[in-house]
Amino acid sequence: MARILVLGGTDLANAFVEALRVAHPDLEIVLSLAGRTRNPKLPDCVIRTGGFGGAEGLASYLREEGISALVDATHPYAAQISANAAKAASEVGTPCLHLVRPAWEQASGDNWHHAHDYEEAARHLDALSQTHPLTVFLTVGRQELEPFHYLMNGTHVVRAVEQPDEAELPPGARVVLARGPFQEADETAFLKDNAIDVIVSKNSGGTATYGKILAARSLRMPVVMVARPPLPEGEIVGDVESALTWVERIL
Numbered sequence: 002m003a004r005i006l007v008l009g010g011t012d013l014a015n016a017f018v019e020a021l022r023v024a025h026p027d028l029e030i031v032l033s034l035a036g037r038t039r040n041p042k043l044p045d046c047v048i049r050t051g052g053f054g055g056a057e058g059l060a061s062y063l064r065e066e067g068i069s070a071l072v073d074a075t076h077p078y079a080a081q082i083s084a085n086a087a088k089a090a091s092e093v094g095t096p097c098l099h100l101v102r103p104a105w106e107q108a109s110g111d112n113w114h115h116a117h118d119y120e121e122a123a124r125h126l127d128a129l130s131q132t133h134p135l136t137v138f139l140t141v142g143r144q145e146l147e148p149f150h151y152l153m154n155g156t157h158v159v160r161a162v163e164q165p166d167e168a169e170l171p172p173g174a175r176v177v178l179a180r181g182p183f184q185e186a187d188e189t190a191f192l193k194d195n196a197i198d199v200i201v202s203k204n205s206g207g208t209a210t211y212g213k214i215l216a217a218r219s220l221r222m223p224v225v226m227v228a229r230p231p232l233p234e235g236e237i238v239g240d241v242e243s244a245l246t247w248v249e250r251i252l
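Letter by letter, the sequence shown follows residues 2 to 252 in my numbering.
Read the hints as simulated data drawn from the structure, not as lab findings.
Nothing here was measured: the structure is a model prediction, and the numbers come from that model.
Beta carbons are placed, not taken as given, at the ideal position from N, Cα and C, and that holds for glycine.
Among the hints, a few may not be true.
Restraint-style ranges between C-beta atoms, simulated for each label pair [claimed, not checked]:
| id | residue 1 | residue 2 | range |
| --- | --- | --- | --- |
| 1 | 3 | 109 | 42 to 50 angstroms |
| 2 | 61 | 134 | 51 to 59 angstroms |
| 3 | 236 | 195 | 37 to 45 angstroms |
| 4 | 178 | 27 | 24 to 32 angstroms |
| 5 | 22 | 209 | 19 to 27 angstroms |
| 6 | 132 | 104 | 18 to 26 angstroms |
| 7 | 25 | 150 | 27 to 35 angstroms |
| 8 | 124 | 22 | 16 to 24 angstroms |
All chains, please: the whole structure from these sequences, using the hints.
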């Protein structure tokens, strides 16, 4: 029986696994999660939780478990995992696909301040806060909050699926626990109710969190947009249907 390892932790990974189960019920699918989310939404398949020990450990897993194909469907900002996947698959000779949802594109009416990384995003906030204190809506994930601890002229509202540890939060930050998808009307109300001045966001792509971008556009609110890290070389597709076609081609 062919075995496919899917590196997941995203809604796109779950949708791919569900579609793959329907299209190829004879395949054995192993969905691997990093384990950072305590109560993830999961499809019905074999679940593996935890790291592999870098590219070398993943290569060993591919060999020992007889994995026929590897699909990297992690978050677009999980750069190290994607790099490890490409390196391990190349070493073992396992076909590897990166399933990555397309990035959002800046549209008319958007007021984006582009940042290459979180440190540059924090510097944008410092510049924007020179004229008046800011209330910043931080939507970069609880693992990436440290660069924002030092905004002197403002406060933060942090939205997360799970409560961040106190040490992860910027001083004085207020936490809002919520799980998407988020609609434009709700996001507009949220931004107004919390007197938000600026949003800091990853360019995650997809529809689940795009509501805040639409809301910011309608309110003419600035968005500090953190660019995606580059993907490693290899085959890349942006949707489930293309990923299914790839599986049919290589197996």
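Report task. Check the following: the C-beta atoms of residue 236 and residue 195 are separated by a distance inside 37 to 45 angstroms. Result -> Given a distance of about 42 angstroms, which is inside 37 to 45 angstroms, the answer is holds.
Query raised in the report: If you check the beta carbons of residue 3 and residue 109, does the distance land in 42 to 50 angstroms?
Result: Between residue 3 and residue 109, where Cβ atoms are some 47 angstroms apart, the hint holds.
Requested in this report: Go ahead and decide if the range 19 to 27 angstroms is satisfied by the Cβ distance of residue 22 to residue 209.
Outcome: 22 angstroms, holds
Requested in this report: With 24 to 32 angstroms as the target window, see if residue 178 and residue 27 comply at their CB atoms.
Outcome: 40 angstroms, violated
Query - CB-CB spacing for residue 134 and residue 61 relative to the 51 to 59 angstroms hint - result: Holds, at about 52 angstroms.
Report task. Kindly confirm whether 18 to 26 angstroms is satisfied by the beta carbon distance between residue 132 and residue 104. Result -> 30 angstroms, violated
Requested in this report: For the range 16 to 24 angstroms, tell me whether the beta carbons of residue 124 and residue 22 fit it or not.
Outcome: 45 angstroms, violated
Query raised in the report: Do residue 25 and residue 150 keep their Cβ atoms within the hinted range of 27 to 35 angstroms?
Result: About 47 angstroms separates the Cβ atoms of residue 25 and residue 150, which means 27 to 35 angstroms is violated.
Violated hints for the displayed structure, listed by number in ascending order: 4, 6, 7 and 8.
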